[in-house]
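Chemist: Each chain is listed here by its residues.
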Amino acid sequence: MEHVKYEHCKKGSVVMELVEITTENYEQEVANFEGLVLLDFWAEWCNPCKVLMPVIEEVAREVNEIKFGKVNVDKNEKLANQFAVTNIPFLVVLKNGEVQNSSVGMKSKQMILEMLNV
Amino acid sequence: MKVTIVGCGPAGVSAAIYVRRANIETTIIGTRDTALATAKKIENYYGFAEPISGMELFEAGLQQSKRLGCQVIIGEVISLFADDKFRVRTMDCEVYSDAIILAMGQQKKRLDIAGLAEFEGHGVSYCAICDAFFFRGKKVVVIGEGEYAIAEVKELAEVVGEVILLTNGFLPTADLVGISVITAKIKAIVGEDYVAGVVFVDGKNLAVDGVFVAVGVASCGDLARRLGVLVENNKIIVDEAGATNFPGVFAAGDCVNSLCQIATAVASGALAGISVAKYVRSIEVGNKNGTCKI
Ligand SMILES: Cc1cc2nc3c(=O)[nH]c(=O)nc-3n(C[C@H](O)[C@H](O)[C@H](O)COP(=O)(O)OP(=O)(O)OC[C@H]3O[C@@H](n4cnc5c(N)ncnc54)[C@H](O)[C@@H]3O)c2cc1C
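Keeping their order, the protein sequence lines are chains A and B. So my numbering is basically just the index in the first sequence, starting at one, shifted up by 864. Counted from 1, the second sequence has number 262 at position 267 by my numbering; the numbering is strictly sequential.
Source of the hints: derived by calculation from the structure; they are not laboratory data. It should be emphasised that the depicted structure is a prediction, and the values quoted were computed from it without experimental measurement. Think of the CB as a built atom: it goes at the ideal place given N, C-alpha and C, for glycine as much as any other residue. Worth double-checking, as some hints may not be accurate.
Said to hold, decoys possible - With a straight-line cut-off of 30 angstroms between C-alpha atoms, the simulated DSSO-like cross-links for lysine-lysine are: (1) B/K230 x A/K914; (2) A/K914 x B/K80; (3) B/K(-3) x B/K80; (4) A/K959 x A/K914.
Claimed, not checked - A few chain A positions that, by computed beta-carbon distances, are all more than 12 angstroms from chain B: (5) Y890; (6) E893; (7) A895; (8) G899; (9) V927; (10) E941; (11) Q964; (12) S966; (13) L980.
Okay, chain A solo, but in the shape it has when bound:
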């Protein structure tokens, strides 16, 4: 189901939803994914996260070859711990399951594109 959303975005659908990454589907969706993934760690109570999310969605609409996911830290504490996250919004870029780089705080579209090196 979640994967279908990603397929949608690959086809350039305007209704872009980031893949919901959870502790349970992380292995399949991220660790075993061949290629680049950008994960956005967020929470309902985090104001900057709410400002950042639409920016990520905009990038996701434009960059088709990369998988974009979001991780709700309230619901996925184990995953947040795995990435040693203690500040959000926290962005991490992975290539073939390996962490390439990460950042903390609000980012512009340009900064995100630079993180992705596209």
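Starting from the known structure of chain A, fit chain B with the ligand onto it as the hints suggest.
Modeler: Same frame as chain A, but now just chain B with the ligand:
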């Protein structure tokens, strides 16, 4: 409709003058601790046949804004919230408004302690309200010595297991009743993946799970971070109208400009003042049309 301006230097006052003259209720909150007040002799600002001291110019600006009907609150801003309205909080009061201008001068230099930059995002934080969640039941420290640090300690005390204030060799400038304090100078923040402790210059160690930084007064970057306003290289990012990426938040002066001068602060303040007036008018029209809920 109401606008709050944080900072009462040349940028804040200049902005306030334009907002007030657009007949919008205007509050300026700031302290006398400004770059301008430290300038002894100003010879390059328009209109003074003889040099004027920064302090004189600062006081004249405040008087001018008061004469035009701005409310001036001398106080330190410790936090900023955006709900239905913007809320600017000082130790003593909270001011509500429909839009804000950040005109808080240059961001102070970041603390130079080994490990601080390395662990940012992995145990080092610059915002208690944003990150306290990750330290539920844990032991954390706040580095700082003034009202801002105390406010961060209180914010954390609600959530974490234990919080200690580290003044890093400085004398506390605020009331510390009921707060655990260590005044020793800090050498480094240590750990592996996460922060694990603080090492002091005297060789002592303190095991902690998190380090919050709140030195001096809250800077424009500190307040911007709470909302998700973009900051790059210690400057708030604005468009040509002085607007940030966050609707209703504008910025002006040294916290935005690369050329930090009175003339540029006044100019960007005027621009932000005009833009904020347009912005509040537009949301007012939205309200009347019933298209915008405030
Ligand atoms: C020694 C010195 C000499 C200078 N000489 C000249 C000169 O000759 N000519 C010239 O053009 N420029 C000069 N400058 C630069 C000039 O002073 C600044 O560019 C100008 O003051 C910037 O205005 P501003 O309003 O952006 O910031 P500031 O003047 O720094 O004002 C910032 C305001 O924000 C407030 N503030 C910040 N944080 C908080 C908080 N947490 N809560 C509440 N209030 C807060 C401060 O209290 C202050 O009111 C000089 C600067 C210095 C330091």
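Chemist: Broken hints, numbered, in rising order?
Modeler: Structure breaks hints 10, 12.
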